[in-house]
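Q: Read off the chains here:
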Amino acid sequence: MAGPLSAVRIVEVGEMVSAPYAAKLMADLGAEVVKVERPGTGDRARTRGPFPGGVAHPEKSGLFIYLNTNKRGVTIDLASPRGLSIFEKLISGADVLIHNLTASEMDRAGFQFERFHRVNPKLVMTSVAPYGLSGPRRDWRAEDLTLWSDGGACYLNGARDRPELPPLKAYGYQAGYQGGAHAAAATMGALFAAARGAGGQHVEVSVQESVAAIIEMANTSWPYMGLVLTRYGPKPVQPLDSFECRDGWIFACCVEEHQWQSFVEVMGNPAWASEELFNERFKRGVNYDGFRPMLAEWIGKQTVQDLYHKVQARRVPFAPISSLADLVNSDHLRARGFFVDVSHPQAGTFKYPGAPYKLSRTPWEIRRPAPALGQHNQEILGGELGMSEREIESLRRDTVT
Amino acid sequence: MNQPPPLTGIRVADFTWVWAGPYCTMQLAHMGADVIRVESETRLCVSRVTPPWAGGQYGVNRSGYFNQYNQGKRSITLNLKHPRGREAALRLAAKCDVVINNFAAGVMDRLGLGYHDLVRARPDIIGVSLTGYGDSGPLRDYVAYGPAQVPLSGMSALTGYRGWPPMHVGFSYGDPNAGTHAAFAIIAALYHRERTGEGQYIDMSQWECTMALIGEGILDYTMNGHQPERDGSRDPSMAPHGLFRCRDMAETVAGRPVDMWIAIAAADDAEFARLAAAIERPGLASDERFSTLAARKRNEDELEALVTEWTSARFAGEAAEALQRAGVAAAVCATSRDLAEDPHLASRGFFVELEHPEIGRVKHAGIPWRMSETPCAVRSPAPLLGQHTDEVLTEVVGYGAAEVAELRAQGALK
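Protein chains in written order, with the working numbering: chain A, 1 to 401; chain B, 402 to 815.
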C-alpha cells in the first residue's frame, strides 16, 4: 500500500524546523520531496544536536535526520541567477513548493509567487514566514524563542510562586513545529482544491499566528473579561499539576467533577475533601493553595505506576511524567509499533518517533533516511532535469550547486 | 476571481468535544467544510462550562474557550442514550464525508456509530478516532486530556529551569497539536478519496502526536542513551537566548501590576555584536568573556545580568523595537492583552469579530494562513448550543418537521 500523497511532487527550500516539518509530514505520507539546500553548509539544522557521541557532524545531526526523512537532497545557490534558473526547472514539474525564506530574503532573491506561477500554473507555493509576508513586523529577525514569545505561549509558563524567575519556554522548537503543522494542513487544503480544478496558488503561513491560534484561554481572556492570564495565582480548574511520588513524578489531572470524586475515593475519602472550600469544581480552582499540601502529602507516599493504573481504572486521566527511557520502553507504544528503526548511512541506525496517525488504506511509512548534503545532485539535475555532465560540472566549479 | 474555499461541499459530523477534536474541525471549517457539532444538553462540552465568560457572566453560550475554538461550525443536540437519538446520529453520519470522534476507544462502537457501522451507511466515508492513547495497545482504554499529554509525551521531562523538577508548558498543548495533525491527515485522506473513490479509517493517538514535537530529544536518547538536562530557555547554539525582565506594564490590571519580559536570541557573534551596541555596551563584543559563543556560554549568568540591566529600565515593546532596529532577534513575551491589541496581527486581518446572537461582537483569533485563490474565512461565530438542530435534521438528514417535533417530544434531541 502506498501513502495518500504518493503522486504528489514537492520541492522544499527549508531551514531548521517549520517548512522542513511540513514537508516531512507530507513525505511520510508518500510525497516525493526534493529538498534544496545551500551549497557548502546546507540547512542550519545540520549544525544542531543531538549528535551521536556528542560529536558535531553535518551528516549526523539528530534534528536534521529526524526532520528530513523520506526526502532527496540537492544543493543549489538560489542567490545566483544560474541557480535560480535551475530551480525554476525543478519546480516546473512540481505540485508544491514549500519554503521558509523570510519576507526580506524573498525580496532579495526574487523568490516570488508570480514568477514561479508563470513557470508552473498548477504550483501550490507555501511560504512559511515568522510574521507572515505583510504587516509592520514582516522583516523582523526571529528565532523560535522570539516567536513562541510573540505568539503569547511563553508568558503562560514558568514558576507559579517565584516571580523573580523569567517565563519559561517549552523544550525544543515548538513555534517551528506549530508553523510546520499548520502549513502542512493549509498546503493539503490547497492541494485538495487543485485536485478539484482550482489550479495553483500562493499559501502564506505566519508562525506567530500559528502560535497565537493555540493558546487556549489566553486568546479570549482579554476581550471577554479584561484579564491578563499569568502563570501566577489561581487557575479555573485544579488539580492540573505535577506531584512527586516515592519513585518519580506524576501529573494529576481532574477536569470533570466525576474525575475528582473518583480520585477522592482512591485517596480513601479524606475528610478535607468534603469541606465547603473544596467541594465544587470552581472552588477547587480558587482555593487550590488550600488543599495542594494535602494532595502532595498523600501522592508523595504512592508509587507512580501504581497510582497511575489505580486512577485510570476509574477513568481519571492522570499521566506519569515520562522520561525518554519510559517512552522507548513502553509496552503500549511497542504494541502499536510507534518507534521505527531508521538506518542512516553516516549517523547510524536508531529508533525514531513514528506515525502520528494510522491511515488504514494509505499508511505512514519511512522509505529512506535523510539525505546527505547534495546527495542527489547527479540523479536529479542530470537524470531528471536532463542536464549534461559538463553543465553539472561547470555549476559545481562555480559553486552554484 | 476568487474561488470558493478548498473544502466547500465537504460535510463533517463532529462528535468530538473539549479541545483536540474541536480544534481539528475548526481548521476544516476555516477551509470551507460544513462542520456539524453533535452536542448534548445532558452532557455539556467541558469548554462550554469553562471560562473566560463574556462580560464575566456564566452561560453555556458565553465561554470564550468554546466560542474561540468552534467558530464557523453548526451545532445540533442529540441524546445518544436514546435509540432515536442514535438513529438520527447514524442518519446524519451517512450524509457526511468525514465522521470524527474523540471518545475513549470503543464508545462509538457501543453506540452503533463505529467505523464498521458508518461504512455500511456510506462506503467511502472517512472515519476518525482521535483518542489519548490510540485505539489499540494495552492502554487503549486509558483516558487523557490535553494538559496530561505534555508530561506523558516526555515534553515535561525536557522542559524546566536548570536543576528544577520537570515543568509544564503552560497550556493544554497536546490538544491543538493533535487537532492540527488530524486536520492534515483528514485532508490527505480526502485527497486520496478524490483520486480513488476510497474512504478509510484514521486512528490517532494524541500521545503519539505530541511525541512528534520532541523528535530530536527522543533521538538523543536512542542515539546516546542520554536524557537531556533541563536548561530553562537557554540554547546550546546561541547566547544570550532567554527572557529578560522589563518594566512592568504601564497600567495595572485588576489593581495589580503586570510583569513584562522580552525574548532575545543572538544567533552568532555578529548578532551579539549588534546586541552589545544596541544595549550601549559595544565593548562586550570584543571582551574575552563574551566574544565567542563558547565564552558566552561559559559566562552566561554574567551575560544575562548585563542584558537585564538594560532591559529592566525599559518597557518591553520599546526594547523590542530598539533591538530589532539594530538587527537583533527580539520580541515582547506577549500577554493575552498584548496579543489582543497587537497592531501587526490587526494589520494582517488576523482577528475575527462577528455578531454573536448572545454576546455581540467580540474579538477572536482567526486563521494563521492565507490562500490567494481559494480564500479562507471564518463564516460564522461559534454556534449556540443546539442552534441548528432543526435545520440540520430537516435540510441535511431529511426528517420532516413533524418527525423532528416527535423526536423532541420523545427526548431524543436533548
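There may be inaccurate statements among the hints.
Claimed, not checked - Keeping only pairs whose Cα atoms sit at most 25 Å apart, straight-line, the calculated DSS-like set for lysine-lysine is:
#1 B:K698 x A:K235
#2 B:K698 x A:K60
#3 A:K122 x A:K60
#4 A:K89 x A:K122
#5 B:K482 x B:K815
#6 B:K482 x B:K496
Claimed, not checked - These stretches of chain A come out as covered by chain B in the derived footprint (C-beta under 8 Å, 3 or more residues):
#7 69 to 83
#8 186 to 195
#9 229 to 236
#10 315 to 329
Don't read these hints as lab results, they were simulated from the structure. Where is the CB? At the ideal position from N, CA and C, for every residue including glycine.
Q: Each hint: holds or not?
A: Hints, one by one, checked against the model:
1. Taken as a hint, the B:K698 and A:K235 pair is broken in the structure, with Cα atoms around 36 Å apart against an allowance of 25 Å.
2. The straight-line distance between the Cα atoms of B:K698 and A:K60 is roughly 23 Å, inside the 25 Å bound, and the hint therefore holds.
3. At roughly 36 Å between alpha-carbon atoms, A:K122 and A:K60 are farther apart than 25 Å, so this suggested pair is violated.
4. Taking the CA atoms of A:K89 and A:K122, the gap is about 14 Å. The hint holds against a cut of 25 Å.
5. Proposed proximity of B:K482 and B:K815 is supported: the alpha carbons are some 10 Å apart, at most 25 Å.
6. A C-alpha spacing of about 21 Å is found between B:K482 and B:K496, which places the hinted pair at or below 25 Å, so the restraint holds.
7. Figure legend: the region 69 to 83 of chain A, annotated as covered by chain B; annotation inconsistent (0 residues with Cβ-Cβ distances under 8 Å, at least 3 required).
8. Counting residues of the region 186 to 195 of chain A whose C-beta lies closer than 8 Å to any C-beta of chain B gives 8; at least three are required, and the coverage claim holds.
9. Residue count for the region 229 to 236 of chain A with a Cβ under 8 Å from a Cβ of chain B: 4. That meets the three needed, and the coverage hint holds.
10. With a threshold of 8 Å between beta carbons, the proposed coverage of the region 315 to 329 of chain A by chain B holds, since 14 of its residues qualify and at least three are required.
Of the numbered hints given earlier, the model fails hints 1, 3 and 7; all others are met.
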